[in-house]
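Residue numbers (this note's numbering), protein chains in the order written: chain A, 154 to 298; chain B, 27 to 140.
Check each hint, because a few of them may be wrong.
Stated by the list, open to error - Listed next, the in silico DSSO-like pairs over lysine-lysine satisfying Cα-Cα at most 30 Å (straight line):
hint, chain 1, residue 1, chain 2, residue 2
1, B, K105, A, K172
2, A, K160, B, K137
3, B, K137, A, K270
4, A, K172, B, K113
5, B, K113, A, K270
6, A, K270, B, K114
7, A, K185, B, K28
8, B, K137, A, K161
9, B, K114, A, K172
10, B, K100, B, K114
11, A, K161, B, K113
12, B, K105, A, K185
Source of the hints: derived by calculation from the structure; they are not laboratory data.
So you can see what is in the structure, the chains are spelled out below.
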Amino acid sequence: MAEELLKKTFTIFPRNFDKAGENSTEIKTLLKSLNFDPDIIRRLVVVAFEAEMNVVMYANGGEMDFVITDEDIRIDIRDEGPGIPDIQQAMQEGYSTATDEMREMGFGFGMGLPNIKRHSDFLNIESQVGKGTTVSAGIRLNPDA
Amino acid sequence: MKLEEIKQILQCQVLTPEMDLNLEVNTVLASDGMSEILAFHKPGALMITGLTNIQSVRTADVADVRAIVYIRGKLPHEKTVDLARQKKITVLATNLGMFDVCGMLRENGLKGAM
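For reference, chain A alone in the conformation it holds in the complex (with noise of 0.2 Å):
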């Protein structure tokens, strides 16, 4: 069982686009500050931040724990909202349901979840329909291991 080192909880509002993304940069933050390896703070901040969007878009808010443990470092986000209706859909780089708002933002191009995969090692999506939807994705710091 892994031992977790480090946790943060960070609250997500919905809609609000000039906040959103701020909880990733304090990751970071946080990350460097610990002297993270450049690339592995990257690649987990790209799936904080998509994580995040996707909640500040869709859902009606929701909360996004940091973790670190001995064995990786990364997000476990939970959301109320309309939940994912078919995942594996979703998960198709180019599909999207994001309305003309979203894509205003320069976000609703059908990357978001794809980014998320593309950049970790690991990612677990949970969603029931008009509840919300649950995503663990993160980075093994040791993946010879």
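Assemble the complex: chain A is given as a structure, and chain B must be docked to it using the hints.
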């Protein structure tokens, strides 16, 4: 390529004049879609975009972008430039469109990161 050269080639306005234009960029990320920038991030890249809202700077920060060129004569809000300053990202703006900006930089030797 130095940012100073990019400024000359694209006839850019410099929105963060206090920042060092002697900094180098070696690769380019060009898109109005922020997830495309994040998909192909390379540290120290130049980001070219027509998206001028605050999310463009947050994306640049997440992707460790060194400088942004806003195109098509669009200028970002001052709060967007302020965030870039905080994140030590140089901000330039040009009246040229995406096709010409990319073509001119490619002709001068810069290559894409995607």
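Going down the list of hints, with the structure as the test:
1. In summary, the hint linking K105 (chain B) to K172 (chain A) is supported, as the alpha carbons are separated by about 12 Å, within the 30 Å threshold.
2. Distance hint between K160 (chain A) and K137 (chain B) is unfulfilled; the C-alpha atoms sit about 40 Å from each other, more than 30 Å.
3. The hinted pair formed by K137 (chain B) and K270 (chain A) meets the criterion: a straight-line CA distance of about 26 Å does not exceed 30 Å.
4. Only pairs whose Cα atoms come within 30 Å are accepted, and K172 (chain A) paired with K113 (chain B) is accepted, the gap being roughly 15 Å.
5. Between K113 (chain B) and K270 (chain A) the CA atoms are separated by roughly 26 Å; this keeps the pair inside 30 Å, and the hint holds.
6. Our distance criterion of 30 Å between C-alpha atoms is met by K270 (chain A) and K114 (chain B), whose separation comes to about 29 Å.
7. Restraint check for K185 (chain A) and K28 (chain B): the C-alpha separation of about 26 Å stays at or below 30 Å, so the hint holds.
8. Straight-line distance between C-alpha atoms of K137 (chain B) and K161 (chain A) comes to about 39 Å, which puts the hinted pair past the 30 Å bound.
9. This hinted pair checks out: K114 (chain B) and K172 (chain A) have alpha carbons roughly 19 Å apart, not beyond 30 Å.
10. Restraint check for K100 (chain B) and K114 (chain B): the C-alpha separation of about 21 Å stays at or below 30 Å, so the hint holds.
11. Under the criterion of a C-alpha separation no larger than 30 Å, the hint pairing K161 (chain A) with K113 (chain B) is consistent with the structure, at around 23 Å.
12. Distance check on the hinted pair: K105 (chain B) and K185 (chain A) sit about 25 Å apart at the alpha-carbon level, within 30 Å; holds.
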